[in-house]
Amino acid sequence: MIGPYTRRLMVRFSALVTVTTVIVLLAGGLLLEREMLRSMEGMHEVEADEVFEVLRDHPGLKGDDLAGRIDTKLGSDAALYFIQIHDDRGAILYRSENLGDAVMPDLSRMEENEHVLAELPGVGGVRLSEFREGEWHVQIASRLKPVHRILTNYAKVSALLVLGTAVASLGLGYAFSRFTLRPVRAIELTARRISADNLRERIPVLAVRDELADLAMLLNQMFDRLEGSFEQVKRFTADASHELKTPLALIRLNAERLRTRLAGDPEAVAGLEDLLEEITRMNRIIESLLFIAKAESGALLLDLKEHDVRALLAPFVEDARVLAEDRGVRFELARDDAGSLRLEPALLRQLLLNLVANALNVSPAGGLVTLESVQTEHGWWFIVTDEGPGLPAAQLEKIFERFVRFEPATGENRARGHGLGLAICRSIAELHDGEIRAENRTDGRSGLRVVVALRR
Amino acid sequence: MKILIVEDERKVAQFVERALAEQSYTPRVAGSCAAARDALAESPYDAVVLDIGLPDGDGLQLLKEWRASGFNEPVLILSARDAVTDRIHGLNLGADDYLAKPFSIDELLARVRSLLRRKAGNKTTVLEHRGIRMDLLARVVTYQGAAVELTSREFALLELFLQNAGRVLTRTLIAERVWEASYDMETNLIDVYVRKLRQKFPSVEGAEPLFKTVRGTGYQLA
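Protein sequence lines, in the order shown, are assigned to chains V and Y. Per this note's numbering, numbering through the first sequence is continuous, rising by one, with the last residue being 456. Per this note's numbering, numbering through the second sequence is continuous, rising by one, with the last residue being 678.
Chain Y with its partners taken away, still in its complex shape (with noise of 0.2 Å):
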């Protein structure tokens, strides 16, 4: 998988190609409009990590140019500017996901790999973990065989632990996944219904608890 990254600031820019080559991904990094179109134009790639703050140009104008032209691989927008109106702009000009800096590289792995995922077509109905089953379409959960009740915002949120089981999940994903918002919520809201979740899905004794804390970063279900 090439995966072609497009930013002006060096040191991030290493740190995102070495993430990227750790998931052996084949990450290339473009400093410039120009440069990127160069390497766009030399060899094709599977997704674009696109910085919007280039020192020759706007990304967006970029990503605009691309779509216009017929490239339609996924593009991860990654933005220092302002958070609600980028964002949206970003996504109408035809990028399929959009990110903050400051970043957790967690959190950018993560959404590259569900854009490739989607790119790939991957439909599962029914999702499995550690004893808990959750059927998508007739939105029917069991834990150990034994049905639970969910609220729609559980189910949300139960949904997005199960889909990125292992991995660890940022505030900042969870909040725009479950409350499709786009800003801090200000409140300990995602603690709660974790902790909700905790008390429907109790770990069996003995065994590593299922939804785990990482501090400063969010959480994993592990």
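Chain V on its own, in the form it takes in the complex (with noise of 0.2 Å):
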């Protein structure tokens, strides 16, 4: 599997490397059509030397004479060039045969020995020279074709070795940009590992300061950031139920050490009961809240281990079918799936009793409260269905935040909550990587579904 990066990365090493080749070929094709002019240009002036030799030899020399002499002298090698002389006034001393009709175009405008390009009617492109001695004019032309040839060779093999270059220079790149992104990929997996069981590791800082050793720093104080806050709330909440706890523990203990002295007093009695109901009912909102204040800081570590759900199931269902009876509600287990799941049993029965404990409540007596146990594509869902007056579209959304609060529909022999029963079921439903939500029932008749969907 390549990453997108990786892919990037290879990609563009590839172009890179393609496109420094196709320069430095672009590059050699031009240096070598000017080498291959060059040394024309100086097979030129050796010929011109040796004509202008001949001139020199035999001044005032014409015609077939002239011709004769030039022809022997230059041997064999006239064939290959193409040479005409004249002189100052413009007067024609001599043509090659191999001209033909074609004439050398006038290059008296310039001003010394010069080399262009022309075109020769008949004969094709040339490379043309004019070398000046005295009143003598003597230009020398070569074919282009053997240049052109060797530069078309050139481009040929240079296209094969640009299509070479790009494909070597994938598999290299890929190999390049491995290679390069090994230290990013060592920070990677040293933050995944980081979490929160395990805050005190940090990426290995190299000895060589360069921009990765600087990013892996920069997360190393990132992770030091968050290793403190964590410990925050963990030496908060051990603070905060300590402080608060030994009191409350003092509270008690003299409360019940009271109630055997005031045996007597029933008025003084009643009180202090009422006294040590409230010191729980405090005690449960205290363990309450730091419960979700540690599940919400990511300082709670749950153990989640694999669990058969039927059989976590099964005496959850014996509880909820006696509570209900009591409250005159009929429960039912609708769907019971197969499977295991990733859990903390305590936790999940006690966020499927809270559920069922407030649907028992807001339900109409001979009401039906229904669970189903639902295996997922990707997870668990629990629903909780009740046949209870439903909820406002507004509130839905607020109920499983703090000290939220709905008015059940009956009855008031009921244990007073606190207002954070919901609130802790979606810290636990979190904790299980999971999300918990409300919705009013769809299906025509009035009443609450709650779904707790769990990930695998």
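Source of the hints: derived by calculation from the structure; they are not laboratory data. All values derive from a computational prediction rather than experimental measurement. Idealized CB from N, CA, C, for every residue including glycine. Mixed in with the good hints there might be a few duds.
Below are the DSS-like pairs computed for lysine-lysine, each with C-alpha atoms no more than 30 Å apart in a straight line [to be verified]:
#1 Lys234/V / Lys305/V
#2 Lys305/V / Lys467/Y
#3 Lys234/V / Lys656/Y
#4 Lys656/Y / Lys668/Y
#5 Lys156/V / Lys145/V
#6 Lys656/Y / Lys467/Y
#7 Lys234/V / Lys73/V
#8 Lys575/Y / Lys656/Y
#9 Lys520/Y / Lys234/V
Footprint (simulated), chain V over chain Y, 3 or more residues, beta carbon under 8 Å [stated by the list, open to error]:
#10 467–474
#11 492–499
#12 514–521
#13 566–576
The task is to assemble the complex, starting from two chains supplied on their own in separate frames and drawing on the hints.
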């Protein structure tokens, strides 16, 4: 599996190498052409020297005599070049036979010995050089065709080379990007490992200070702060527990002691019992708040293990039936899928018990509360449905917040809630990498449907 | 029976000390880790009540040291900290029981008694009380000679009552022992089950009711 960044890096590397190759080959082609023209000009110069030698040795020689002399002097080389000689006035002194009807262009405007590209009719593209000595203008030209042929071959070979380079550089680019990204992957792996349960670990920082070392240090600083704030939450909850519960323990112990002493005074005993009940209630609120605080900060770590869901539900369903019977409500396990799920049994039972107890509380007498345990593609859904009045849409979101209560529809004879039950349910769901939501029934009946969706 | 109380809150320690003394145990208080180490080095104890948050260290660390050095007597952890995780942690480190603050003194006494009894290896297989007879091996219950059908929860609850007949059982203890729940169950499930037991074991006319409610605390099998 190649990551998108690795792929991008690979393609960029390949593009870079290919473009560089193209530029190098183009430059090579230009240099090659220039070099070939240069050597051609060098040959022209040698030939011109020989022609001038003939002219110098035999001044005034003209026509066929001159031609004969020149042909003899140049020997077999003569066939390779087009040669024309004229004087300052433009009178032609000599023309090589291979010129045919072609006329060399007049280059008298030019300063000194020069080389140009020209087109000779019947001959084609040539490199033309003009050399001057005294009144003589010697023009020598050679065909460009061989040069063009070599350049064409060069271009063909170059194209193949570029193609090969492009392919090879993709492979090299993959190796290169893997190699380049290795330290980044090391950072990623460590960062993944670092979670609430091992906040101590840090990304190793290499001795060489470079950009990646800076990044690693920056991340490590972030982990330091994270560890600090986790520690703070843990310390806070421990401190809060201690500071709140110790006085509560003393109040309770004193109250219990008083109860035995006041045994003869029913009114005082009743007051003390109220006090004891309030202490229990307060302790419950403290426990719940601390639980939620820890869960939300990520400082609470669960030891999630695979559990058989049916086996977990069986005793819970028994309790739910007993509770429902007591309330005059029916409870039914409408769906009970088989399978296993990673969870903390005590907390999941508490979540379900809270939801079912809520559903029972809002149900009218004889109403039906159902629990569905549904295995889904990516996890598990627990759905609790009641036949109560349901909720206004605006309240559906809010019921999982702390200290939010909605008035139960029936009865007064139930344990007073403290408005944290559903907030705890949400914390438990989130601790199991899941979520919880409430919706009004859509099947035409009134009632609430609470869905706990846990991921596998 | 000598019991060491390791607790830095002086007043809480006094309460526990007095209650244990009233039950004819011989308690002694240590207010810090150092004092606890000294006390245990000086003389043997039959049980330890150990608070986790101590001024000069962590009670759990102390427990770990003791267990490593071969101290095998029962240890009851007393803690104001988080009930769920601390409990698991403490029991893993070799504690025998765990009690969260604020606790009822009755509950503390019940737990200490149960720890010492377990240590003595008191293994009864038949429990009897006021006409109720429970055979733990055959899992059969009779009341006034007639068989009574119980669900597994009812059976577990009745067993807890019978083993602590005459003592007050707090809701926390009942939830822990019968429902394996270390949290408060937020429902009146316990009351409902006690009500069911009352229906299945009606009191004989004129006699004191079997299952008494102790308001603000829990229940008691009279």
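For each hint, the structure was consulted:
Simply put, Lys234/V and Lys305/V have alpha-carbon atoms about 24 Å apart, close enough for the 30 Å limit, and the pair holds. Between Lys305/V and Lys467/Y, the direct Cα distance comes to roughly 41 Å. Violation of the 30 Å bound is thereby established for this hinted pair. Taking the CA atoms of Lys234/V and Lys656/Y, the gap is about 47 Å. The hint is violated against a cut of 30 Å. For the suggested pair Lys656/Y and Lys668/Y, the alpha carbons sit about 15 Å apart, so the restraint of at most 30 Å is met.
A threshold of 30 Å between alpha carbons decides the hint, and for Lys156/V with Lys145/V the separation of about 17 Å falls inside it, so the pair holds. Restraint check: the Cα-Cα separation between Lys656/Y and Lys467/Y comes to about 43 Å, which exceeds 30 Å; the hinted pair is violated. Using a Cα cut-off of 30 Å, the hinted pair Lys234/V and Lys73/V is violated, with the two alpha carbons roughly 107 Å apart. Between Lys575/Y and Lys656/Y the CA atoms are separated by roughly 33 Å; this puts the pair beyond 30 Å, and the hint is violated.
For the hint linking Lys520/Y to Lys234/V, the alpha-carbon distance of about 21 Å falls within 30 Å, and the restraint holds. Given as covered by chain V, the segment 467–474 of chain Y passes the check, having 3 residues with a CB less than 8 Å from a CB of that chain where 3 are the minimum. Under the rule that three or more residues need a Cβ within less than 8 Å of chain V, the assignment of the segment 492–499 of chain Y is violated, with 0 such residues. Here's how the segment 514–521 of chain Y fares: 0 of its residues keep a CB closer than 8 Å to some CB of chain V, so the rule of at least three is not met and the hint is violated.
Counting residues of the segment 566–576 of chain Y whose C-beta sits closer than 8 Å to any C-beta of chain V gives 0, which falls short of three, so the coverage hint is violated.
When the structure is compared with the earlier hints, violations turn up for hints 2, 3, 6, 7, 8, 11, 12 and 13 and for no others.
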